[in-house]
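Assemble the complex: chain A is given as a structure, and chain B must be docked to it using the hints.
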Amino acid sequence: MNPVAPVVGWQVLDPDGNVVDSGPPMALQAVLGFGHLPPVPAIDPFAHVPLLGANTKEG
Amino acid sequence: MAALDAAMVSKILNATTSITAFSTLTTAMKVRLASTASTASAPGTEITGTGYTAGGAVIAFTTSSAGSAVTGPTGSAINWTNGSGSPWSMQSLDITDSAGTPIRTWFGNFTGAPVAVAAGNVFQLAVNAVSIALS
Chain A
1 MNPVAPVVGW
11 QVLDPDGNVV
21 DSGPPMALQA
31 VLGFGHLPPV
41 PAIDPFAHVP
51 LLGANTKEG
Chain B
1 MAALDAAMVS
11 KILNATTSIT
21 AFSTLTTAMK
31 VRLASTASTA
41 SAPGTEITGT
51 GYTAGGAVIA
61 FTTSSAGSAV
71 TGPTGSAINW
81 TNGSGSPWSM
91 QSLDITDSAG
101 TPIRTWFGNF
111 TGAPVAVAAG
121 NVFQLAVNAV
131 SIALS
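Chain order of the listed sequences is A and B.
For the record, in the first sequence the residue sitting at position 27 is 27 according to my numbering, with numbers rising by one throughout.
For the record, in the second sequence the residue sitting at position 116 is 116 according to my numbering, with numbers rising by one throughout.
So here's chain A without its partners, still in its complex pose:
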């Protein structure tokens, strides 16, 4: 097994060069996206089909 060296982002060194504190790299990330698209109006497939018998006159 090969040891994996830690990836150091920042560290604090004393005057002798000894590491007294350390932390990981900083990952600054902005996320792109479409978060607020307007709603799509619902389409009634029968909107233009007259109802059978509606608006008709008899005799």
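Hints are computed from structural coordinates only; laboratory data are not their basis.
Take the hints with a grain of salt, since some may be wrong.
[What the hints assert, rightly or not] Quick list of simulated restraints, FRET-style, between CB atoms:
1. T101/B <-> I43/A: 50 to 56 Å
2. N18/A <-> S86/B: 17 to 23 Å
3. A7/B <-> D21/A: 28 to 34 Å
Given the structure is predicted, the values throughout are model-derived calculations rather than measurements.
For each residue, glycine too, the CB sits at the ideal point set by N, CA and C.
Quick look at chain B alone, frame taken from chain A:
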């Protein structure tokens, strides 16, 4: 980690929707250390004292290609030696350009913050310690 200055977000959005052309930043980019948290709306309070130059230190980044992240500093680590006579306490960093009134682009808070740097000690930002990405 939310990381992009809010004003810069608007500049990017306006530039990429043909509203307002993007104004070129002034090289070189700098990294500023702050004793308080940085947010999208405001940078942290910059630290002061011997060993730290107001406005921050120059930092260079790799070039992005095909949407890849960029990392910095390149070449060598950035060191600040605390000669102020009192401890530094650091919470965050801010990336700005070098304009007379610096334009802030990115920011981030240190994992493990606050980071205490005793008088006489060195705070070091390792090579490629800062990774910046859009996804």
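Here is how each hint holds up against the structure:
no.	hint	verdict
1	T101/B <-> I43/A: 50 to 56 Å	holds, 52 Å
2	N18/A <-> S86/B: 17 to 23 Å	holds, 21 Å
3	A7/B <-> D21/A: 28 to 34 Å	holds, 33 Å
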